[in-house]
Every structure is written in structure tokens, then in C-alpha cells.
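Trainee: Residue numbers (my numbering), protein chains in the order written: chain Z, 1 to 189; chain H, 1 to 189.
These are computed hints drawn from the structure, not numbers from a lab. All values reported here derive from a predicted model rather than from experimental measurement. Some clues are possibly wrong.
Identical chains share a label here; the pair holds if one copy fits it or two copies do between them.
What the hints assert, rightly or not - Dumping the calculated EDC-like pairs for lysine to aspartate or glutamate here, alpha-carbon to alpha-carbon at most 20 angstroms:
no., residue 1, residue 2
1, Lys112, Asp31
2, Lys80, Asp157
3, Lys80, Asp36
4, Lys112, Asp23
5, Lys80, Glu37
6, Lys73, Asp23
7, Lys111, Glu89
8, Lys5, Asp36
9, Lys101, Glu10
10, Lys111, Asp11
11, Lys146, Glu104
12, Lys21, Glu89
13, Lys111, Asp23
14, Lys146, Asp36
15, Lys5, Glu167
16, Lys168, Glu58
There are 2 protein chains.
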Amino acid sequence: MQILKKRILEDGVVIGDNILKVDNFLNHQIDVELLDEIGKEFHKRFGNVGLTKILTVEASGISVACATAREYKIPVLFAKKGNVSTQNEGNYSSKSFSFTKNEEYTMNVSKKYIGPQDTILIIDDFLANGLAIDALLEIVEQSGAKLAGIGIVIEKDFQAGGRKLREKGYHLESLARIASMGKNGIIFA
Amino acid sequence: MQILKKRILEDGVVIGDNILKVDNFLNHQIDVELLDEIGKEFHKRFGNVGLTKILTVEASGISVACATAREYKIPVLFAKKGNVSTQNEGNYSSKSFSFTKNEEYTMNVSKKYIGPQDTILIIDDFLANGLAIDALLEIVEQSGAKLAGIGIVIEKDFQAGGRKLREKGYHLESLARIASMGKNGIIFA
């Protein structure tokens, strides 16, 4: 997706050879016109596959999920993060780990809003090691819903998450795949 | 806003005489078509007052802020929640308190994205005691930006937040104002 790659090159800030900050247009300040284009692009790539809901996780996945859901005219469902004590019987729960905060957390989704009748598209802003996506996949599995695919705005190709998901046969679409970044700038895959 | 009030009556869940859960369409599952109507309604109520940015706070304010920002074709900026240690020189910060989690937290907004040249509309999903809005107002004040108004989806009129803000002269627009709730159902103001 050219306008996204252009924006990453213009406004992304690389810290070390691992961290890409896109606070200018995606993760803190949000460019809603770019968001619309992202939603349209996901709709184009996944097409009409009988989706009933878009699943994401708070907080920075929400805006992208909403833009995509507008194209499909279906609801968004966002997993809530909590500590281990927030698990309860009314929720599907899975554990994940935040490298930013260096702590384990749970993702929780109410059983009321996802079930075997659903066909889900998972959407998130970043894919690196894939732990957040693994947790969302576990929730879809617990619910008995069908998974149509996984849509990612920015994938770090040099971390293992995307490769593992493709090897398992998931339909994964990443709008910008970064092969490497660091002193020589950002190189797309 | 009639369709919002209707939806609250149909799908809102009252717990005790204080808690209203709107997980079905706003705070966990999100109805993106209703969201579009909410964005249009805020645009109608605040009009063209030279807004440059919409300010909200993660997580459930983000979807509403994005829907409103689309109408104005301006960016969203969402405050990030952290513990007290996440304050740093690059951010405007203010303290707030979560009654849900029973803990103090900080809101942080990068100084890069808000300043005296901005005219801000604050948007949030709920207004009860007003502590979250107070923290956002403090950030706007620190930044030197002009404040155009505060837009709220659901206000609990029986808690003090809205009254205090109106007494101070802020332009506050709440799309649904709840006078009371409990055994006799939800009564709008």
C-alpha cells in the first residue's frame, strides 16, 4: 500500500533497530483520512467472505478495526486487556505478554458477542512476534467462530510472528512489511 | 439524539442505580453505523468553529473521536494512560482516577501534537463525575491550545461532572443525558 509506505518513510521514527514509532498518524495522533484508505484496502484484500465481525484488541487496534468495519457494515469487537484477576465465566480469555510494559496480561471478550455463528476478521496495527495475534486467535478458537483472516497495518518481517502465521496457513495480509530498519533507514520487504 | 436513546433503552444494562453497561454497541462491541450518526451529530452541534484536532483518551473514546474527526477532516489525538512513572518531559501529563479500577493513573499527550496554534474539541464516551474530562482539560490548558467544547455520548446527569462543567461556562454537548436509572428503568433528562 504505497501511501502507507510513503507515510511511514516520512513520519515514522526508528529507535534502535527494532522500534518503529508511528505516533504521528496511527498510534497516538490518528490521520482519519489515511484510516479510511486502510479500511478500504483491507476490504479489497479480503473481499466478501461472509464476515460478521471484526475482532481487535484495545487500544491502538480500535481505530483501524472501525475503519475496516465501516466498509463491511459489520460491528467491531475489541478485546479488553486486564490483569489475570479480570477473568470471569462470562468471557473468553487468553494470556499475552507486553514487551513494552514487560508484563503478562489477559485479553477478555464477552461470550455474548462471539460464537460459532460468526465469521471473524482479526485486525491489528502491528505484527512483530505475534503474541497479541496468538491471543486473539485463541479467543476465536474458544468461541467456535470461523476465522476468515488476519489484517495487519505494519508487519515487522524481521520478527517471527508473520512467518509462523503464514506457515500455519492463515490468510494474513499486511499493508506494509518492513524487512529491516536501523542506521540505513527503513527497507520494505 | 433519538436513535441513541432508543439504543440505550433497548441494549443498555443497568447494574444497581449507578452503572450503565453499553457493551453491546459502544464499549466492547461497537456499532459502526451508529458511530457514524454520532460523529455527524457532534459536527452538527459544534459546527465550524475552526477545530484543528479532536482530543480523547484511550480506549473507548477512540472510536467516537474518529467518527467525529471524519466529519471535520482533522486528526484525532488520544491521551495514553500510564502509571505515574510514565510521565516524561516530552509529554503534557495530568492525573486522573479510575473508579472502575480503583487506582490513580496519568494521561499523557506528546507535546509534538498539541500547542497554542490548535483549537481542540474534547470527545469522550461517558461523563459521570468528570475526572477524566478534568484531566483532558488540564492537558489542553498546559498546551496553550484553545478549547472549543466538550462532546459526550452519554452523560449521567445525576452525577456532578456535567453540572460543574456547565457552571464553569464550557460548551458541553451530551447526546443522551440520563436523569436516573435503577428499578424503574432509565429516565432521560
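Trainee: Hint by hint, note whether the structure agrees.
Mentor: Each hint, compared with the structure:
1. Taking identical chains as interchangeable, the C-alpha atoms of Lys112 and Asp31 lie at most 20 angstroms apart only when they sit on different chains, with a minimum of 15 angstroms there against 32 angstroms within one chain.
2. For the homomeric pair Lys80 and Asp157, neither the shortest alpha-carbon distance inside one copy (27 angstroms) nor that between copies (27 angstroms) is at most 20 angstroms.
3. Proximity of Lys80 and Asp36 under a CA criterion of 20 angstroms is satisfied in neither setting, with 24 angstroms inside one chain copy and 23 angstroms between copies.
4. Proximity of Lys112 to Asp23 under the C-alpha cut-off of 20 angstroms is restricted to the inter-copy arrangement: shortest distance 10 angstroms between copies versus 33 angstroms within a copy.
5. Within a single copy, Lys80 and Glu37 get their C-alpha atoms no closer than 26 angstroms, and across copies no closer than 25 angstroms, so neither meets the 20 angstroms cut-off.
6. Proximity of Lys73 and Asp23 under a CA criterion of 20 angstroms is satisfied inter-copy only: 18 angstroms between copies versus 28 angstroms inside one chain copy.
7. When the C-alpha separation of Lys111 and Glu89 is checked against a cutoff of 20 angstroms, the pair qualifies only within one copy, where the shortest distance is 9 angstroms, while the shortest distance between copies is 42 angstroms.
8. For a Cα distance limit of 20 angstroms, the shortest separation of Lys5 from Asp36 inside one copy, 15 angstroms, qualifies, whereas the shortest one across copies, 28 angstroms, does not.
9. Taking the shortest alpha-carbon separations for Lys101 and Glu10, neither the intra-copy value of 27 angstroms nor the inter-copy value of 39 angstroms comes in at or below 20 angstroms.
10. In the homo-oligomer, the alpha carbons of Lys111 and Asp11 lie at most 20 angstroms apart only across protomers (16 angstroms), although the nearest pairing inside one protomer, at 39 angstroms, exceeds that limit.
11. Proximity of Lys146 to Glu104 under the C-alpha cut-off of 20 angstroms is found in neither arrangement, the shortest distances being 27 angstroms within a copy and 40 angstroms between copies.
12. For the homomeric pair Lys21 and Glu89, the shortest alpha-carbon distance between copies (17 angstroms) is at most 20 angstroms, but the shortest distance inside one copy (37 angstroms) is not.
13. With identical chains, the CA atoms of Lys111 and Asp23 are at most 20 angstroms apart between copies only, with a shortest distance of 12 angstroms across copies and 33 angstroms within one.
14. For the identical chains of this complex, Lys146 and Asp36 are neighbours neither inside a copy (26 angstroms) nor across copies (28 angstroms), given an alpha-carbon limit of 20 angstroms.
15. Taking identical chains as interchangeable, the C-alpha atoms of Lys5 and Glu167 are never at most 20 angstroms apart, the minima being 25 angstroms within one chain and 48 angstroms between chains.
16. In the homo-oligomer, the alpha carbons of Lys168 and Glu58 never lie at most 20 angstroms apart, since the shortest distance is 25 angstroms inside one protomer and 33 angstroms across protomers.
Hints 2, 3, 5, 9, 11, 14, 15 and 16, counting from the list given before, are not met by this structure.
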